[in-house]
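K.L.:
Line by line, the protein sequences are chains A and B. First residue of the first sequence: 1, per our numbering; consecutive thereafter. First residue of the second sequence: 1, per our numbering; consecutive thereafter.
Think of the hints as simulated: they come from the structure by calculation, not from any bench. Using N, Cα and C, we set each Cβ at its ideal position, and we do this for glycine too. Certain hints may be false.
As the list claims (entries may be wrong) - Covered stretches of chain A (in silico footprint by chain B; criterion: 3 or more residues with CB under 8 Å from a CB of chain B, positions within the stretch not fixed): (1) 100-107; (2) 533-542; (3) 666-677.
What the hints assert, rightly or not - Distance condition first, Cα-Cα at most 30 Å in a straight line; then the derived DSBU-like pairs of lysine-lysine: (4) A:Lys677 - A:Lys164; (5) A:Lys416 - A:Lys444; (6) B:Lys61 - B:Lys98; (7) A:Lys164 - B:Lys64; (8) B:Lys62 - B:Lys98; (9) A:Lys629 - A:Lys714; (10) B:Lys62 - A:Lys444; (11) B:Lys98 - B:Lys64; (12) A:Lys110 - B:Lys61; (13) B:Lys64 - A:Lys110; (14) A:Lys714 - A:Lys677.
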Amino acid sequence: MMLRKWHGLPGLIAALVLVTLAVTGAILGLAPALDRAGAVVPPAGEVSVAELAGRVVANYPGTEQIVRELSGQVIVYYSQNGQAGADLINPVTGDSLGAYQPSAFFVWIKNLHRSFLLDTPGRMMAGISAALMLVVCLSGLVLLARRCGGWRALMRPMAGTGSKRLHAEIARLAVLGLLLSALTGSFLSAQRFGLLPEVSDLGPGFPAEVSGGQPRPVDRLQALSEVDLNDLRELVFPYPDDPQDVYSLTTSGGSGFVDPATGELLQFQPRSNGSVVQQWIMRLHTGEGLWWLGLILGVAALAVPALSVTGAIVWWQRRRSSSQAVKNAPAAEADVIVLVGSEGGSTWGFARALEQGLTSVGFQVHCAEMNALETTYPEASLLLVLTSTYGDGDAPASARRFMVRLRDFRACNALKYAVLGFGDRQFAHFCRFALEVDAALAGKGLSRIQPVELIDRCSAERFSDWGEGLGTALGAPLSLSHDPMPPRTSRLELAGRVDYGLAVQAPTSILRFRLAGEGQRWQSRFFRSGSNSLPTFEAGDLLGILPPGSEEARFYSLASSSSDGVLEICVRKQPGGLCSGYLHGLQPGECIDAFIRHNPEFRPATGPVPVIMIGAGAGIGPLIGFIRKNTARNPMYLYWGGRSPNSDFLYQPELGHYLEDQRLTGLSTAFSRSEEKAYVQDRLLQDQTALRQMVDTGAQILVCGGRDMAAGVKQVLEEILRPLRLEVDDLRAQGRYLEDVY
Amino acid sequence: MKKILLVLGLVVSVTLPAFAQAREVTFTTELYDYGGDGAYMALYLTDEAGAYQGTLWVAGKKSKYYKHLSGWARGSRLDPAEYDGLTGASITSGRTLKITLDLDDTLFDSGYEVRVDTAVEDMRDNRADIALPLTTDGAGTAVSGHGYVRSFRYDF
Numbered sequence: 001m002m003l004r005k006w007h008g009l010p011g012l013i014a015a016l017v018l019v020t021l022a023v024t025g026a027i028l029g030l031a032p033a034l035d036r037a038g039a040v041v042p043p044a045g046e047v048s049v050a051e052l053a054g055r056v057v058a059n060y061p062g063t064e065q066i067v068r069e070l071s072g073q074v075i076v077y078y079s080q081n082g083q084a085g086a087d088l089i090n091p092v093t094g095d096s097l098g099a100y101q102p103s104a105f106f107v108w109i110k111n112l113h114r115s116f117l118l119d120t121p122g123r124m125m126a127g128i129s130a131a132l133m134l135v136v137c138l139s140g141l142v143l144l145a146r147r148c149g150g151w152r153a154l155m156r157p158m159a160g161t162g163s164k165r166l167h168a169e170i171a172r173l174a175v176l177g178l179l180l181s182a183l184t185g186s187f188l189s190a191q192r193f194g195l196l197p198e199v200s201d202l203g204p205g206f207p208a209e210v211s212g213g214q215p216r217p218v219d220r221l222q223a224l225s226e227v228d229l230n231d232l233r234e235l236v237f238p239y240p241d242d243p244q245d246v247y248s249l250t251t252s253g254g255s256g257f258v259d260p261a262t263g264e265l266l267q268f269q270p271r272s273n274g275s276v277v278q279q280w281i282m283r284l285h286t287g288e289g290l291w292w293l294g295l296i297l298g299v300a301a302l303a304v305p306a307l308s309v310t311g312a313i314v315w316w317q318r319r320r321s322s323s324q325a326v327k328n329a330p331a332a333e334a335d336v337i338v339l340v341g342s343e344g345g346s347t348w349g350f351a352r353a354l355e356q357g358l359t360s361v362g363f364q365v366h367c368a369e370m371n372a373l374e375t376t377y378p379e380a381s382l383l384l385v386l387t388s389t390y391g392d393g394d395a396p397a398s399a400r401r402f403m404v405r406l407r408d409f410r411a412c413n414a415l416k417y418a419v420l421g422f423g424d425r426q427f428a429h430f431c432r433f434a435l436e437v438d439a440a441l442a443g444k445g446l447s448r449i450q451p452v453e454l455i456d457r458c459s460a461e462r463f464s465d466w467g468e469g470l471g472t473a474l475g476a477p478l479s480l481s482h483d484p485m486p487p488r489t490s491r492l493e494l495a496g497r498v499d500y501g502l503a504v505q506a507p508t509s510i511l512r513f514r515l516a517g518e519g520q521r522w523q524s525r526f527f528r529s530g531s532n533s534l535p536t537f538e539a540g541d542l543l544g545i546l547p548p549g550s551e552e553a554r555f556y557s558l559a560s561s562s563s564d565g566v567l568e569i570c571v572r573k574q575p576g577g578l579c580s581g582y583l584h585g586l587q588p589g590e591c592i593d594a595f596i597r598h599n600p601e602f603r604p605a606t607g608p609v610p611v612i613m614i615g616a617g618a619g620i621g622p623l624i625g626f627i628r629k630n631t632a633r634n635p636m637y638l639y640w641g642g643r644s645p646n647s648d649f650l651y652q653p654e655l656g657h658y659l660e661d662q663r664l665t666g667l668s669t670a671f672s673r674s675e676e677k678a679y680v681q682d683r684l685l686q687d688q689t690a691l692r693q694m695v696d697t698g699a700q701i702l703v704c705g706g707r708d709m710a711a712g713v714k715q716v717l718e719e720i721l722r723p724l725r726l727e728v729d730d731l732r733a734q735g736r737y738l739e740d741v742y
Numbered sequence: 001m002k003k004i005l006l007v008l009g010l011v012v013s014v015t016l017p018a019f020a021q022a023r024e025v026t027f028t029t030e031l032y033d034y035g036g037d038g039a040y041m042a043l044y045l046t047d048e049a050g051a052y053q054g055t056l057w058v059a060g061k062k063s064k065y066y067k068h069l070s071g072w073a074r075g076s077r078l079d080p081a082e083y084d085g086l087t088g089a090s091i092t093s094g095r096t097l098k099i100t101l102d103l104d105d106t107l108f109d110s111g112y113e114v115r116v117d118t119a120v121e122d123m124r125d126n127r128a129d130i131a132l133p134l135t136t137d138g139a140g141t142a143v144s145g146h147g148y149v150r151s152f153r154y155d156f
């Protein structure tokens, strides 16, 4: 909780200031690359400083100073007829590349970046913002690791949905760049204000003895011919009216003087280690001379506005859902205690419904976060714990101190308890924290009023069932209803259907819907106004459908994406199935009420690793959607099982087409009611050598189909993977084994 | 306006006669609007041959940048004793620096020159942006420099 505060509060306060810093920083990040693009950089060993200076002086007799920027740009400062000038130079020819004029735009942006155009107070503000950024990055990194389930899991595919996931995904990409910018920026600012010591070489003292002889041409000076152009920083020419003056030379290695008559190097002082470090800190902040770093830091900086917006949304959502409205009995008087462990706040909704239900049947209910566990509850006879699990089995924010506080807890009377866990079966350790709490309470000598119950993805139905069971145990009718997110449905019109499988008693239909009333009005494509609109979706997301007369939605995997303009699902008619029967009875033009539920966990990996997709029957739906979208031609293999090639071979023509244009690399089918009498597991076993090889090179496996088929596939794959000393759960933990099972 | 009682260590010890008169001299340095960061400047005296004689004023607080004021840096050897108490803030682009100092009468019409070195971050260094003989007749006449100095004059 504390850490979250330290991530959120300064983050919000500083968001505006940081966005300014970040956007200007991103623009400045372009400068090194632009400078480098405009520079001519000869290979090392080709041009010496003496040669360069000779060429420059030939073109600019009034040369005063030659500077080589870290970008490779060479600038000559000269005066001609009393007029000062500066030109960019091609160091190979000594010719002018045009007048040198630092871009007024970049100078302005730079001032905006480091002082908000407000001089010293602005610099202080920028410095404080950099330090805040550092706090936000570090606290965010810890939160991110906790969310993913450990530091090692940071690079795995991420679970979750919406703003929270977007925030985490962007942060993961940008955090190292931001950390580097914030750290170096804070450091430089601290030095600017004297909080940290600053190392700088004052350079060598002026030589006491100068020969004062006849000056040689600059290209014949020994000391200058020994320095490669790429090591040059600055060469200042002697003042023309002063025979005692010398060249001042600064190189990457140090600085000294060169006698214009003898060409000797005088008083050379190597650069100190401190100054080298100092310069590197500067370069790591600005990307000067490191154009690629400049671009990386610039792109990372651009993540800040996006992180600010998503972060603010998450903060607002959390705030809204944790504000309590129900009257709460004091802990010392309540006879039922409800403790809540919640990270994002969604568990609170269930807790409030429970509190309301219990209060309405006459109980005095005290509801609090798990961290607020008292040492004892004198009047209580029942303790109910509702908790989610964070990341890979950790306590959620409002329960992080629970286990410690539990040590001092003393149970009064015959306190009974029940634990209700909330989670998502796609996480490797489903509801692990709830199970730990259940065991810990048992360890305290409390007895369960009912066994621990685990609820997958906020299922309102399971919650209601649990309440019924609890009511029976308490001897009071308890009716709990809480739908965490009452879905806003849209009206969809059946645009077309293709039917398969009737002959083999597996009626399966491909149904295509579109928004009712769409299609006629061109405006609707641009102005999704009014009530009937859909959020964007992709193949693999779920379409929730409410059959008439039912309050509970059924979910079907989508085979299409928003960009296809239709919602395509594949539905097998279940014997006695309410929703599937309803859908199969639909005629084109008829309408349904439906909503989108995002399911971003179930997606193929992008990139060159092979994707092995395994499905049976209607489970081909999301898989065909993935293949359609595989315009990058990444290797994708489909294993699919049906009943008969003549009756229920879903998408047969389309699959042939994808094989031809290489969106699909390989297709293997199995039909259980044909002569071969084969299942998809048999095909996997046949190809086991190739499959092992692909898994060994990092392949990802996606399974979609019924529960029995998924269990069969898993069993076969365990066998196939055994020689690799791998288990399916290992792959699952790495995000390489995904299931969409119904 | 800054008012400093100048004690020119070197100059004073060499040239001070028994009953020297001092006079109050104001140096006015106006900069061009060159559009960069604040300028570092050194005002100093040299003899006819251009040899450093003493520091009048240094604008800019960070000694690590002083080496860019090369003529002055070389003459003063960047010895802090040469400029202690004679430093102030760097001068913003387009602004004017006025300093008033008590100078020994004998410095006038004796071949001394006042010089101004200027430097700006990421821009050129100007040794002797201004080099102006210190004479009684020259007072009140503005000259322009070849670097960042739009006009320079001294009055008394």
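K.L.:
Starting from the hint list further up, note which numbers the structure goes against and sort them upward.
P.N.:
2, 3, 4, 7, 10
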